[in-house]
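Enquirer: Chains as they are written, first to last, in the working numbering: chain C, 1 to 180; chain S, 1 to 354; chain L, 1 to 247.
Rather than coming from a laboratory, the hints here were simulated on the basis of the structure.
The structure displayed is predicted, hence computed values, not measured ones.
Treat the hints loosely; a few may be bogus.
As the list claims (entries may be wrong) - Computed cross-link-like contacts, BS3-like style, restricted to lysine-lysine with a CA-CA straight-line distance of at most 27 Å:
(1) Lys154(C) with Lys4(S)
(2) Lys4(S) with Lys153(C)
(3) Lys210(S) with Lys12(L)
Said to hold, decoys possible - Residues of chain S placed beyond 10 Å of chain L at every Cβ, according to the derived structure:
(4) Phe6
(5) Ser34
(6) Ser84
(7) Thr181
(8) Val189
(9) Met219
(10) Trp240
(11) Arg297
(12) Ala321
Note that CB positions come from ideal geometry on N, CA and C, so glycine has one too.
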Amino acid sequence: MRHDVFIAGYGGQGVLLAGNLLSYAAIHEDKNVSFFPAYGVEKRGGSAMCTVVFSDGDTGSPVVGHPSVSIILNQLSFDKYAAKVRQGGICIVNSTLVKCDGVDLPDVNLVQVPMNQLALDLGDVRMVNMLACGAYAGKTGALALPSLEEALKKALPERNHRLIPANIAAIRAGAAAVQG
Amino acid sequence: MSEKLFVKGNEAVAMAAIEAGCRYYFGYPITPQSDIPEYLSRELPRLGGEFIQAESEIASINMLLGASATGVRCMTSSSGPGISLKQEGISYMAGSELPGVIVDIMRQGPGLGGIDASQADYFQATRGGGHGGYRIIVLAPNSVQEMYDLTMLAFDLSDIYRIPAMVLADSVIGQMKESITANPRPAVVVPEKTWAVRGRAEEAPQNVVKSLKLGDGEMEAFHWALHARYQELGEKESRWEEYLTDDAELIVTAFGSTSRIARTSVEAARNAGFKVGLLRPITLFPFPKQAYAALSRKCKRFLVMELSTGQMVDDVHLSVARDVEVGFYGRPPGAGSLPTPEELFEQIEKAYNN
Amino acid sequence: MKQVFSRPQSLKDVQTHFCPGCNHGTVHRLVAEAMDEFGIRGETIGVASVGCSVFLYSYFDVDVIEAPHGRAPAVATGAKRARPDRIVFTYQGDGDLAAIGTSEIIHAANRGEAITVIFVNNTTYGMTGGQMAPTTMVGQKTSTSPYGRDQHKDGYPIRMAELLAQLEGVGFSARVAVNSPKNVLQAKKMIKTAFRYQVEHKGFSFIEALSACPTNWGMNPLAANERVGSEMIPYFPLGVYRNTANM
Numbered sequence: 001m002r003h004d005v006f007i008a009g010y011g012g013q014g015v016l017l018a019g020n021l022l023s024y025a026a027i028h029e030d031k032n033v034s035f036f037p038a039y040g041v042e043k044r045g046g047s048a049m050c051t052v053v054f055s056d057g058d059t060g061s062p063v064v065g066h067p068s069v070s071i072i073l074n075q076l077s078f079d080k081y082a083a084k085v086r087q088g089g090i091c092i093v094n095s096t097l098v099k100c101d102g103v104d105l106p107d108v109n110l111v112q113v114p115m116n117q118l119a120l121d122l123g124d125v126r127m128v129n130m131l132a133c134g135a136y137a138g139k140t141g142a143l144a145l146p147s148l149e150e151a152l153k154k155a156l157p158e159r160n161h162r163l164i165p166a167n168i169a170a171i172r173a174g175a176a177a178v179q180g
Numbered sequence: 001m002s003e004k005l006f007v008k009g010n011e012a013v014a015m016a017a018i019e020a021g022c023r024y025y026f027g028y029p030i031t032p033q034s035d036i037p038e039y040l041s042r043e044l045p046r047l048g049g050e051f052i053q054a055e056s057e058i059a060s061i062n063m064l065l066g067a068s069a070t071g072v073r074c075m076t077s078s079s080g081p082g083i084s085l086k087q088e089g090i091s092y093m094a095g096s097e098l099p100g101v102i103v104d105i106m107r108q109g110p111g112l113g114g115i116d117a118s119q120a121d122y123f124q125a126t127r128g129g130g131h132g133g134y135r136i137i138v139l140a141p142n143s144v145q146e147m148y149d150l151t152m153l154a155f156d157l158s159d160i161y162r163i164p165a166m167v168l169a170d171s172v173i174g175q176m177k178e179s180i181t182a183n184p185r186p187a188v189v190v191p192e193k194t195w196a197v198r199g200r201a202e203e204a205p206q207n208v209v210k211s212l213k214l215g216d217g218e219m220e221a222f223h224w225a226l227h228a229r230y231q232e233l234g235e236k237e238s239r240w241e242e243y244l245t246d247d248a249e250l251i252v253t254a255f256g257s258t259s260r261i262a263r264t265s266v267e268a269a270r271n272a273g274f275k276v277g278l279l280r281p282i283t284l285f286p287f288p289k290q291a292y293a294a295l296s297r298k299c300k301r302f303l304v305m306e307l308s309t310g311q312m313v314d315d316v317h318l319s320v321a322r323d324v325e326v327g328f329y330g331r332p333p334g335a336g337s338l339p340t341p342e343e344l345f346e347q348i349e350k351a352y353n354n
Numbered sequence: 001m002k003q004v005f006s007r008p009q010s011l012k013d014v015q016t017h018f019c020p021g022c023n024h025g026t027v028h029r030l031v032a033e034a035m036d037e038f039g040i041r042g043e044t045i046g047v048a049s050v051g052c053s054v055f056l057y058s059y060f061d062v063d064v065i066e067a068p069h070g071r072a073p074a075v076a077t078g079a080k081r082a083r084p085d086r087i088v089f090t091y092q093g094d095g096d097l098a099a100i101g102t103s104e105i106i107h108a109a110n111r112g113e114a115i116t117v118i119f120v121n122n123t124t125y126g127m128t129g130g131q132m133a134p135t136t137m138v139g140q141k142t143s144t145s146p147y148g149r150d151q152h153k154d155g156y157p158i159r160m161a162e163l164l165a166q167l168e169g170v171g172f173s174a175r176v177a178v179n180s181p182k183n184v185l186q187a188k189k190m191i192k193t194a195f196r197y198q199v200e201h202k203g204f205s206f207i208e209a210l211s212a213c214p215t216n217w218g219m220n221p222l223a224a225n226e227r228v229g230s231e232m233i234p235y236f237p238l239g240v241y242r243n244t245a246n247m
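Start from the sequences, fold in the hints, and give me the full structure.
Expert: As structure tokens, this is what we get:
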């Protein structure tokens with residue numbers, strides 16, 4: 001099984017860390033992983049994005065035109081990339097910052113999670129990316145939550161390991177937010 | 001089995017260089033390859049090696065020349081604009097039969113261009129790049145694992161054949177992170193560097209590393225000897241990968257990052273019922289002509305895909321049987337011009353139904 | 001009978017290609033004598049440049065790397081870093097070192113590379129036939145300054161020994177001449193000091209040797225030697241410009 005996920009937001013939302021976390025979680029599950037940070041002119045405009053592909057076999061193209069899952073953390077990225085999600089795919093949006101009302105994404109499962117709000121409830125707005133990862137795992141089942149939690153040790157620099165419990169709480173909150 | 005690591009393509013190059021026994025690096029900063037000097041500036045001093053950030057690309061390639069002449073494994077890396085500056089030194093190294101590894105993480109050009117992925121330096125790399133009529137070994141990894149493995153191979157081939165070797169990738173392969181196994185250095189026997197300048201011990205013959213050849217017939221003989229070595233490289237060291245080519249009517253062919261995108265498109269084409277395969281050259285010099293020739297006797301057409309207006313396509317034309325069709329699809333490098341698998345699938349579909 | 005004059009061991013017993021009256025031979029000899037005196041022939045790597053000095057390997061009985069034009073200090077840097085226990089010297093002319101290789105010499109010196117640089121300044125490109133060099137005197141006619149070097153268009157002759165002496169990485173910088181027995185003796189001493197810097201790990205050392213090029217100057221050897229004294233030395237004063245170890 002080959003999974004691809006596209007993550008976009010603005011610089012500072014932890015998009016690349018989220019991509020790294022999902023990658024390490026996939027490695028923990030013995031998958032092959034490709035993590036492709038898109039950069040270039042947009043980087044200067046303050047947006048950040050990356051693609052993660054993981055698979056039991058060959059990961060194939062690190063470039064994905066129509067992702068099966070997109071995680072969108074801000075309005076600008078939503079306007080630009082939401083329509084690219086493939087038919088039958090999932091678009092997980094940070095509904096605190098993204099207004100999806102009236103947007104028609106035919107045959108795409110639009111999952112709204114108020115990530116900034118949930119992060120503030122947890123006491124740290126920087127946890128948006130962890131909530132997003134938890135929501136991804138909870139919604140798709142492509143990665144197990146314990147793998148994500150294990151992956152924190154590798155994705156976070158040593159000096160931030162004291163924050164692992166808070167990150168785990170955020171991952172779990174993200175997963176819980178997309179249940180039922 | 002070793003533990004899986006999750007590293008950038010550029011970092012894999014630096015790690016592999018160390019594993020290959022390279023302790024000397026000379027370079028100059030340029031995007032998108034600066035992870036390589038950054039990594040080595042941290043690690044080489046700990047290993048008793050030397051890292052020099054030179055005053056220019058010209059100086060760094062000449063430091064490589066000087067270090068290589070003493071017999072050590074050494075490396076430099078850069079991207080297009082810097083590789084252009086290095087051509088003087090690469091030509092001298094070729095003329096002096098010096099090994100050495102040059103990593104080119106391609107960016108756009110001509111000129112300053114931009115930092116997005118490009119394959120438009122194919123000609124520069126595979127045709128030698130500098131003056132005088134020579135070739136260098138060119139390896140084209142398409143994954144972070146291959147960035148690791150082929151960098152080690154580059155050191156071995158360069159030492160064995162006494163030809164500079166280039167690892168040619170682009171910012172997609174250089175910047176992406178993948179899970180890799182840090183394989184140990186292969187047990188390859190490389191000839192002793194009896195030609196190296198080391199300071200003559202008493203009674204040892206004088207060693208001179210030079211490219212000036214003024215003797216009557218000396219230079220001509222040198223060129224023919226190099227030519228023979230290039231032929232030998234082609235026979236012994238051509239490397240390629242075939243994917244679903246057995247019954248393929250259409251062969252898609254691409255190298256490096258494009259081959260990764262194309263592989264997913266080929267898979268999709270197979271799922272759509274098209275008999276399509278992928279041929280990926282791993283060595284760009286020597287170009288694996290034999291693989292193209294063999295497949296061209298079985299398939300109906302080739303479709304070459306590159307991040308340029310077409311360079312490798314020339315080598316494909318030169319390698320295939322005369323009556324086979326060769327099509328081309330290119331996206332010249334630039335922001336927003338990286339093709340998607342869906343886009344390449346459309347091209348495959350078009351070529352297949354043509 | 002006591003032998004008072006013989007060929008230095010570090011030089012080969014061959015005839016050079018240098019023109020009559022050329023000072024390269026003298027400078028070669030002084031460098032070889034310094035090597036002999038330190039007993040370093042067997043551990044020395046020479047770096048040849050492009051120009052009349054390219055045939056270094058034909059005359060010096062040491063291992064040699066031939067560098068691209070101007071790049072000898074970068075090549076020497078690579079060699080010395082890879083083999084820090086070896087003595088590495090470059091031998092470069094003025095077109096090589098002070099024009100196309102300005103960047104390489106300044107940065108090798110500034111890094112304080114533990115190498116010795118022998119720089120032969122004869123105010124012209126010798127090998128290519130007497131074109132204007134960065135050291136060509138104001139008013140000097142050459143094949144590319146047929147009306148004489150015009151400082152308003154061509155700039156001024158560059159003083160490398162003084163220029164490099166400004167750099168913190170440099171241990172020793174001196175200018176010598178070989179146009180008279182007295183100057184030859186002084187040059188010998190200075191070249192030996194330059195090698196002593198490397199042998200004793202005291203850092204980068206630089207010798208600028210003023211040299212005659214009778215062929216390209218269109219003079220006989222005697223007149224050429226006189227010109228060194230009358231025209232060059234006043235503009236390129238002899239002396240030690242930096243000597244951090246007080247040798």
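Enquirer: Hints first: check each against the structure and report whether it holds.
Expert: Hints, verified against the model:
For the hint linking Lys154(C) to Lys4(S), the alpha-carbon distance of about 12 Å falls within 27 Å, and the restraint holds. Distance check on the hinted pair: Lys4(S) and Lys153(C) sit about 15 Å apart at the alpha-carbon level, within 27 Å; holds. Pair hint Lys210(S) plus Lys12(L) holds up; C-alpha atoms about 18 Å apart against a cutoff of 27 Å. At roughly 33 Å, the least C-beta separation between Phe6(S) and chain L is larger than 10 Å, which holds for a residue marked as non-interface.
For Ser34(S), the condition that its CB be more than 10 Å from all CB atoms of chain L holds, with the nearest at approximately 20 Å. Residue placement check: Ser84(S) keeps its beta carbon more than 10 Å from all beta carbons of chain L (closest about 15 Å). Even its closest Cβ contact with chain L, about 30 Å, leaves Thr181(S) beyond 10 Å, as expected for a residue assigned away from the interface. No beta-carbon of chain L comes within 10 Å of the beta-carbon of Val189(S); the shortest separation is about 22 Å.
In this structure Met219(S) is separated from chain L by more than 10 Å, as the shortest Cβ-Cβ distance comes to about 14 Å. With a cut of 10 Å on Cβ distances, Trp240(S) stays outside the contact zone with chain L, its closest approach being about 34 Å. Every CB of chain L is more than 10 Å from the CB of Arg297(S) (nearest about 46 Å), matching its label as outside the interface. At the 10 Å boundary, the C-beta of Ala321(S) stays outside the reach of chain L, the nearest C-beta of that chain being 43 Å off.
In the structure shown, no violation is registered for any of the earlier numbered hints.
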